[in-house]
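Q: Build the complex: two chains, separate frames, hints provided.
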Amino acid sequence: MDEQELIAGCLRGSMEDFRMIVERYTPPAMALAMNILGNRDDAEDACQELFIQVYRHLKSYDKDRSFKNWVYTILYRRCLDHLKKRRRSAELVKKMGRETVLATPSNPGHSHPSRSLPSDLLEQLTAKERTALCLWANEGYTAQEISEVLRCSASTARVYLFQARKKIKTLLEQGHVSLQNV
Amino acid sequence: MSRCKMFELFYALVPLKPWRGLLIRRHIEECPRCLAGLASREAAGSLLVQEREANIGRPLWTEVESALVEDSGGEMMKDRALQSSVMRRWGWAVATAFLVVLITGFLLLKDFRPEGTASAAAAPARFELEYVRVGGQPANAVVYQPQGSDMIIVWAAKRP
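From first to last, the protein sequence lines are chains A and B. Numbers 337 to 518, taken from my numbering, label the letters of the first sequence in order. Numbers -10 to 149, taken from my numbering, label the letters of the second sequence in order.
The shape of chain B in the complex, shown without the other chains (with noise of 0.2 Å):
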């Protein structure tokens, strides 16, 4: 009796789980005093819903099946906005890659001209003057272009 008195103290006492559980084994579960001011299985399944009360009202396989099918279509659609979202990042990257080739390509070729071509020849080869003018007066010309240049210079003067 005594003994029950000091378990129920040391209960009381430190309220740390470990050590009520320790006491709970070594005392209470073997001492049927104690025991006795708990309830027993009977009577706390009495008071329990027990499986055969707890008929479910709704077809929650059916449920169950259908969450599980949208879940799936959704991880389908997941999977595809994915893709499309992979595809469309990538699409965007090709898309900026060929506008830097672009770009680059044309910054680089801007300056670019092969010898023997247009900027190259001689200004009367792409310059061509039948008559020059000056006050309504037949004038001499002179075509000029620096070398290494696009500029074309034309030179009249009245004839003397």
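If we strip away everything but chain A, and leave its shape as in the complex, we get (with noise of 0.2 Å):
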């Protein structure tokens, strides 16, 4: 069924329609969260909010914009929503003195043993970056797309994307220990 139709049909109520947008874009919209949260758990609360918003929002979608680019942006904003209470949490923790216990990205979620992010590309990389790097690796997104999703001009996009592949390749070089065992 085209895109198009689903979102007509969602917009009329009909549930079976967004049924299949989430079918349609859970896979893609995973990838991205774990590449820019590193950590699956994360990534799941993340696309689960991603649709709500989605459905909530789908009135104020336009139609001349690409659906997945709008997509991705509400997503990467959830991400960085993530990014900032995990860094909120991690600065209490660290505040009450205590050991923090809570999922890093070099201590992804263990509820499911699939692959994780490697901890020098979430250490290195930002998130701007990480999100610029995934589009273009995963999604084949120009620059000028990945500022669409960023919400930033294409030159901003154009430098996270460069730093992004200069520090992978730097990586990539060193030979890694935790990029060597992915």
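A hint or two may mislead.
Coverage of chain B stretches by chain A, computed from C-beta distances (three or more under 8 Å per stretch; other residues unrestricted) [stated by the list, open to error]: (1) 4 to 17; (2) 52 to 59; (3) 72 to 78; (4) 134 to 144.
The calculated label-pair distances, taken between Cβ atoms and stated as ranges, are [said to hold, decoys possible]: (5) B/G26 with A/A426: 30 to 38 Å; (6) A/Q389 with B/L71: 17 to 25 Å; (7) A/T409 with B/E52: 20 to 28 Å; (8) A/T409 with B/K6: 14 to 22 Å; (9) B/E59 with A/S402: 25 to 33 Å; (10) A/R348 with B/A86: 42 to 50 Å; (11) B/Q72 with A/R348: 37 to 45 Å; (12) A/D417 with B/E(-3): 31 to 39 Å.
Hints are computed from structural coordinates only; laboratory data are not their basis. Glycine included, each C-beta is placed from N, C-alpha and C at the ideal position.
A: In structure tokens, the structure reads:
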């Protein structure tokens, strides 16, 4: 079924059409969320929040824009919120003088023994760089398309992508252990 | 070669994103040497989580659906709460208005007496004395009501 037809169906209140949208976008959204957050559990939460927001704000979706970009924009925002939340929690735990028990990128969710991001990638690349890199490498996005998701200029998106690629190249050349283990 | 160095220098010297973006677009993206210093799409992709690897471990749709149902339930509850709050507010307004009307009416009607009613009636018509005794002896009695007043004066005097 065509994407626009599904959207129209959702706007008419069809949950079945929305279910199809959710199923269609779950794998790419999960991949992007995991690449930004580096944590499966947080990525699943972000995806759940994403689809709830998509359903709520579907009326405001501009049909001239790419639906996928719109979905990714919302997801990116949700992921940033998760990262902020994680940072705040870590600060709080630090203030309390206790050892952090939060699921950090190097300690991804244990519930699903699947692939996670190399920790160096998460440590050295910012969330924006990871997003730009993921959209470029996985989705084949151009700087212009990345800028639409990140809500920045194409030049800025180009800089994020350039920095991410450069850092990765350096990491690969250094033959970092955690990267080799992937 | 020297051109690449120059671009690298410009890139490092001016940390402004539009400027850097311009440099990347104008030179780096088109220079084979500079591109060789960047990770390729395949190399980057091999480090990232791919769609096929991003299997979700829980029934996302069920969770989304239940959240949306709860949300719509919450919306209904909100609507109901809003309605009841509006009704409560209006109820209070009606009750207050009724009370105000009641009090105003009472205050207005308190002193209002139509002509020919009891207060305007002659005192003897409302006040009847069969006999009056003063000191155990029959006495003369006079009933008097000042005009426009409710006060009735009864005057009793010993008979001479």
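Q: Count the residues of the region 52 to 59 of chain B with a beta-carbon closer than 8 Å to any beta-carbon of chain A: does the count reach three?
A: Check passed, 5 qualifying residues.
Q: Is it true that the C-beta distance of B/E59 to A/S402 lies inside 25 to 33 Å, as the hint says?
A: holds, 30 Å
Q: Does 42 to 50 Å hold as the CB distance between A/R348 and B/A86, or does it fail?
A: Since A/R348 and B/A86 have Cβ atoms about 45 Å apart, the given range 42 to 50 Å holds.
Q: If I claimed the Cβ atoms of A/T409 and B/E52 lie 20 to 28 Å apart, would that claim hold in this structure?
A: holds, 22 Å
Q: With 30 to 38 Å as the target window, see if B/G26 and A/A426 comply at their CB atoms.
A: This hint holds: roughly 34 Å between Cβ atoms.
Q: Has the hinted range 31 to 39 Å been met by the Cβ atoms of A/D417 and B/E(-3)?
A: holds, 36 Å
Q: Holds or violated: the region 134 to 144 of chain B covered by chain A, criterion of 3 or more residues with Cβ-Cβ distance under 8 Å?
A: Violated - the region 134 to 144 of chain B has 0 residues with a Cβ nearer than 8 Å to chain A, which falls short of three.
Q: Quick check: does the Cβ-Cβ distance between B/Q72 and A/R348 fall within 37 to 45 Å?
A: violated, 26 Å
Q: Should the hint that A/T409 and B/K6 are 14 to 22 Å apart at their CB atoms be regarded as holding?
A: Roughly 19 Å apart at Cβ, these two residues keep to the hinted range, so it holds.
Q: Quick check: the region 72 to 78 of chain B, covered by chain A? Criterion 3+ residues, Cβ under 8 Å.
A: violated (count 0)
Q: When I compare C-beta atoms, does the region 4 to 17 of chain B have three or more residues closer than 8 Å to chain A?
A: holds (count 8)
Q: Determine whether the Cβ-Cβ distance between A/Q389 and B/L71 falls within the hinted range of 17 to 25 Å.
A: holds, 23 Å
When each numbered hint is compared with the structure, violations occur for hints 3, 4, 11.
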